[in-house]
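2 protein chains.
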Amino acid sequence: MAVGLTEPTQLWSVAGVRLAAVAAGIRYRDRADLLLIELAEGSSCAAVFTQNAFCAAPVQVAKQHLRVASPRYLLINAGNANAGTGEPGLAAAIASCHALASVAGVEPQSVLPFSTGVIGELLPVDRIAAALPAAHAALAEDQWLAAMRAIMTTDTVGKGFSERVVLSGGEVCITGIAKGSGMICPNMATMLAYIATDAQIAPQSLKAMLERCNAQSFNAISVDGDTSTNDACVLMATGRSGVTLQTPEDAVRFEAAMQRVCLALAQAIVRDGEGANKFVTVQVEGGRDEAEARQVAYTIAHSPLVKTALFASDPNWGRILAAVGRAGLVDLDVDQVAIWLDEVQIVADGGRAPAYTEAQGAAVMAQDEILIRVLLGGRGTAKASIYTCDFSYDYVRINAEYRS
Amino acid sequence: MAVGLTEPTQLWSVAGVRLAAVAAGIRYRDRADLLLIELAEGSSCAAVFTQNAFCAAPVQVAKQHLRVASPRYLLINAGNANAGTGEPGLAAAIASCHALASVAGVEPQSVLPFSTGVIGELLPVDRIAAALPAAHAALAEDQWLAAMRAIMTTDTVGKGFSERVVLSGGEVCITGIAKGSGMICPNMATMLAYIATDAQIAPQSLKAMLERCNAQSFNAISVDGDTSTNDACVLMATGRSGVTLQTPEDAVRFEAAMQRVCLALAQAIVRDGEGANKFVTVQVEGGRDEAEARQVAYTIAHSPLVKTALFASDPNWGRILAAVGRAGLVDLDVDQVAIWLDEVQIVADGGRAPAYTEAQGAAVMAQDEILIRVLLGGRGTAKASIYTCDFSYDYVRINAEYRS
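So the sequence lines, in the order shown, correspond to chains A and B.
Positions 1 to 404 (the numbering used here) are the ones given, in order, by the first sequence.
Positions 1 to 404 (the numbering used here) are the ones given, in order, by the second sequence.
No lab work stands behind these hints: they were computed from the structure.
Only a predicted model underlies this, so the values are computations on that prediction, with no experimental measurement involved.
Ideal Cβ positions, reconstructed from N, Cα and C, are used throughout, including at glycine.
Treat the hints loosely; a few may be bogus.
[Unchecked claim] Here are some of the chain A residues that sit facing chain B, going by a computed Cβ distance under 10 Å:
(1) C55
(2) A81
(3) T85
(4) P88
(5) A91
(6) I119
(7) T247
(8) A312
(9) V324
(10) R397
[Stated by the list, open to error] If you want the footprint, here are the derived chain B segments under chain A, 3+ residues with CB under 8 Å:
(11) 10-20
(12) 51-65
(13) 303-314
[Said to hold, decoys possible] Chain B is nowhere near these chain A residues, computed Cβ spacing over 10 Å in every case:
(14) R29
(15) L139
(16) V252
(17) G286
(18) G351
(19) V364
(20) Q367
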């Protein structure tokens, strides 16, 4: 059950983006599992992909196509990751791009393929090709909700978010969808995100904005520390509003809205984390630089002991303290470390805070949403936030029973 | 239930080592929870401790005492870790050494304290001090089995192992005990190991031997990747057999036996890992150096997805492949990676092995003991083995329900 997350009932259309969700029978029955996204000519597009050395065939093809052409179509299937499939998998990804290119009358290089689902099984290109004419014919701007649902796998709730921003040249909108029940790989839980705006933004600016937004959102979440072979996040700007980021204020305002959309989608993935009962923000302050603050935050967020204590609503501050201690910081003065659960200080000067009572900690841990705040002390002023969830019986069940 | 592990019914006495296990009522009722180990004068002693920056009070005191004196007594309690207890905790650890020193008539610096149990609660020094006279009076060489049981916490099976080795100067023996249900911290599952021999070995040689043996045994296991604040491993040599390591062959033979004892104890900790149903060896070959082979092996051994697949007996080779891919190796040629489950090749040339069938993989995964072997290919000849277990409902239960 997703924590504090409900499926959106409305997402703004983005002029210049048309979508179609169809049932291709790739793995699921009786649901759409193939999504086609069309970008108007002249749109900008930027993408970031998984850092896993074993990146799936569609990731390899999408990276290559992005280098040589401007994307006009995104082709996304759920139910099959086309990963660990070697040369035949690569050929299948390429063939699906060719099939769409011939239906749409574009170059194959202007198609970006994406897959999520079971690893190690060959992508059924025939079924995809057979579904493409109907998908192409069904393309429409108001299909964001259907698109959001077509890319779901182990997700229990569809994830979408829209913002409207007034800039000096007029109003623009941003709409994004995402899927993923955690950063967990390599099965049904790959993270995919597609975010579009009708603002007019040059490709280089869009790419830089994506990298900044991604670092604070999709790259700041963890369900179990595993990284998928298929993760991708794509940012698209059609320019069809005719509005540009004219002034520095426009740029700041637009990027803040983009950041909100990315963060809402990223947090939605954690809120729908496999077996999640708690949504937890780990905020580390007082680092020498952001990297070490992230390092401590991730060590806490990845600790199975911290995560099972969260599941049990147990204010087991010793487990948090020990995670800080093993995060590998050089010259950490443990006697300066302080830790809070929300507003309750549980650790002061590296030990149990004098005024702390178990009842105070238990009250915070009983909440659905918890802030773990760590002050390293005496090192610097850098900080970082990581979003994670607890570790429950259901996590084990979902990951043990899947495929069986 | 421990995997392929039964409690020893006999452990060889080691001349020059006397032990006493008594009930001090530290946390448990109706069981011994305090262990006293006496080393004959002139013994050598070496120790390694946790790398966690938050090391517990007894670890700080034991390190300091080791620097200034030859240990004569080890004082070990179960039920309270005396960690995260600040200055009062440090005072309590020192006070317990003083109490024993006065009973035994030695300098306080010749006492090494060790604690395992709940974090953040002050050590009840009074109860320990009250139990010391009876413990000191009860010291005897044949108390290894009782000693083994006195240090247990969440352990379900006592862990002890003995070897006898014939050297050119005569026969010597090695006996060791350990506790721990994983490297998990900071609760009841700290790893403690005490290994003694009647061979005569200089302190520097003993320290070097401990470091080599530790690297391949206690430092090569993982239950959940957490590192305790209290971990310690102590090697003691009384010399009371009068036998030295005269020849290079003696040295090799003795160290091999010591290595077997350390490995058996370390593996016993994994076999009794919290909620463990499988004992898994992850062996990585073909690394540029041992460090990168260990890095890949640990990434596999720590992956919650691999561990839940092991629990489910699911030959989910994609999860292993993805863990190799995200281990962070520079210039990894994924097309050369090969993976075996026992003798069954599941991955060849970075993809599913052509001859592999799911039935073959399922047969191996159904076993209690599994070897995951990874060949990196084209990099070098270094290798490393890590021992781990699966991730089950019971792991979550044990760590979620403990303290509640």
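Now for the hints, and whether the structure bears them out:
1. C55: holds (8 Å)
2. A81: Holds: closest Cβ of chain B sits about 8 Å from A81 (chain A), inside 10 Å.
3. T85: holds (6 Å)
4. P88: With a closest approach of 9 Å, the P88 (chain A) hint holds.
5. A91: At 13 Å from the nearest chain B Cβ, A91 (chain A) fails the 10 Å test, so the hint is violated.
6. I119: holds (3 Å)
7. T247: violated (42 Å)
8. A312: With a closest approach of 4 Å, the A312 (chain A) hint holds.
9. V324: With Cβ-Cβ at 7 Å, under 10 Å, it holds.
10. R397: Check passed: Cβ of R397 (chain A) comes within 7 Å of chain B, closer than 10 Å.
11. 10-20: Our answer is that it is violated, as 0 residues pass the Cβ test (under 8 Å) against chain A, missing three.
12. 51-65: Contact hint for the stretch 51-65 of chain B vs chain A: holds, 5 residues under 8 Å.
13. 303-314: Three-residue rule met by the stretch 303-314 of chain B, so holds; n is 8.
14. R29: Per Cβ check, R29 (chain A) is outside 10 Å of chain B; nearest 22 Å; holds.
15. L139: holds (33 Å)
16. V252: Holds, because the least Cβ-Cβ distance between V252 (chain A) and chain B comes to about 35 Å, which exceeds 10 Å.
17. G286: holds (15 Å)
18. G351: Since the minimum Cβ distance to chain B is about 4 Å, G351 (chain A) lies within 10 Å and the statement is violated.
19. V364: holds (15 Å)
20. Q367: Given that every Cβ of chain B is farther than 10 Å from that of Q367 (chain A), nearest at about 16 Å, it holds.
Going down the numbered hints, you'll see the structure goes against 5, 7, 11, 18, while the others check out.
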